[in-house]
Amino acid sequence: MVDAILIRHMPVRRFVVQPAKIDVLRPLWPEIEIVDIEPPARNDLHDFHAGYPWAEAAAQQERQIERIREARTRWPGAQLIYMGFVPIPLAFHLGTLLGQGTQIEIYNHQHDSHSWSWATSVPTRKLLAPHRAPAGDGNSTRELLHRVSVSYPVQPEQTEAIVREPQIYEVAVNSPSPTVLRSPADLWRVADVFKQDLDASHNDFPLAPMRHLVASVPVGLALAMGMQVNPTIHLPLQTWKYLRGHEHPYVPAICIGRRERVPRVLLLGASPLDEAISAPREVQEIHALLGDFEDRLRVVGRPVTTVEDFVGMLDEADPTVLHL
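No gaps in the numbering here: position 275 of the sequence shown is 275 in my numbering, and each next residue is one more.
Since the hints were derived computationally from the structure, they do not count as laboratory data.
Where a beta carbon is used, it is the ideal one built from N, C-alpha and C, also for glycine.
Mixed in with the good hints, there may be bad ones.
Derived DEER-like restraints, expressed as beta-carbon distance ranges [what the hints assert, rightly or not]: (1) 288 x 50: 41 to 49 Å; (2) 47 x 306: 49 to 57 Å; (3) 67 x 243: 49 to 57 Å; (4) 306 x 66: 51 to 59 Å; (5) 18 x 164: 43 to 51 Å; (6) 281 x 66: 55 to 63 Å; (7) 17 x 247: 42 to 50 Å; (8) 27 x 157: 22 to 30 Å; (9) 157 x 1: 49 to 57 Å; (10) 199 x 247: 44 to 52 Å; (11) 1 x 101: 33 to 41 Å.
Subject to a maximum C-alpha distance of 30 Å in a straight line, what follows is the list of computed DSS-like cross-link-like pairs (lysine-lysine) [as the list claims (entries may be wrong)]: (12) 126 x 241; (13) 241 x 195; (14) 241 x 21; (15) 126 x 195.
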């Protein structure tokens with residue numbers, strides 16, 4: 001009879017969890033089955049950079065999640081436990097695969113003591129800093145940026161290159177540090193506020209095409225944050241990996257729930273100043289050229305008379321192809 005199923009998530013070769021570290025769990029769960037989630041390994045955390053095969057890692061985790069499901073089928077009453085030492089995007093992605101409502105005990109690797117034990121079971125008072133969220137705009141098509149500062153502050157100027165003029169949601173603790181989360185209650189408190197932001201952003205910006213996540217958090221919290229994602233309304237979501245010492249320190253990692261972008265072709269026509277142009281007639285001619293493809297495409301006529309009009313139209317259309 002197995003009392004607990006331990007998810008071991010550690011693709012860093014230099015970091016090996018000794019059996020004695022797992023033994024600290026045995027007073028509560030004497031019999032533990034270990035399930036390894038094994039994305040492509042690297043020697044050190046610093047080796048998970050722009051050249052890491054993030055898409056392949058996500059695909060492997062999506063296949064290996066079946067190991068957890070099979071173990072839970074064998075031992076339906078067993079407690080699920082997580083220990084991970086991975087980059088934030090991998091832990092967050094695995095959390096989305098576990099999903100909302102999963103009952104799990106999360107153990108963080110403690111930065112100071114190098115143990116896996118929580119400092120206390122008592123929630124930290126005044127843990128969270130004042131919350132920052134934008135005013136909603138149901139017509140906005142700007143992308144969303146979630147910044148989460150727990151282990152270290154996320155510097156706003158370092159995220160400027162990620163996305164142009166995003167709607168920004170900010171979650172932070174009052175005193176960011178690698179040891180600021182002292183109890184499981186602290187971890188789940190931050191994860192819950194993150195979920196509130198996910199839900200609020202969906203309601204406030206229903207037309208946002210993409211959300212981005214920049215998080216400086218412990219690995220266990222990244223897993224818990226991923227578990228808050230509702231795949232129906234919170235995706236697609238692009239995760240970003242921090243690279244220390246770079247001018248632009250964030251590189252794209254796993255994109256969860258990627259939506260294939262439909263090509264948008266912007267056709268530009270011109271007429272002499274002394275001739276009128278008929279947008280409706282131009283649209284009819286384009287429809288005639290489309291033939292059988294007409295039902296798959298949307299054609300919009302838009303007269304442009306100034307440079308400002310043209311620049312505004314480019315921003316709005318965001319075309320993949322520009323045809324003159």
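Structure-based check of all given hints:
1. 288 x 50: 41 to 49 Å: holds (46 Å)
2. 47 x 306: 49 to 57 Å: holds (51 Å)
3. 67 x 243: 49 to 57 Å: This hint is violated: roughly 30 Å between Cβ atoms.
4. 306 x 66: 51 to 59 Å: holds (58 Å)
5. 18 x 164: 43 to 51 Å: holds (47 Å)
6. 281 x 66: 55 to 63 Å: holds (57 Å)
7. 17 x 247: 42 to 50 Å: violated (35 Å)
8. 27 x 157: 22 to 30 Å: violated (47 Å)
9. 157 x 1: 49 to 57 Å: holds (55 Å)
10. 199 x 247: 44 to 52 Å: violated (35 Å)
11. 1 x 101: 33 to 41 Å: violated (25 Å)
12. 126 x 241: Holds - the C-alpha atoms of residue 241 and residue 126 are around 28 Å apart, at most 30 Å.
13. 241 x 195: holds (21 Å)
14. 241 x 21: holds (28 Å)
15. 126 x 195: holds (19 Å)
In this structure, the earlier hints numbered 3, 7, 8, 10 and 11 are contradicted, and the remaining ones agree with it.
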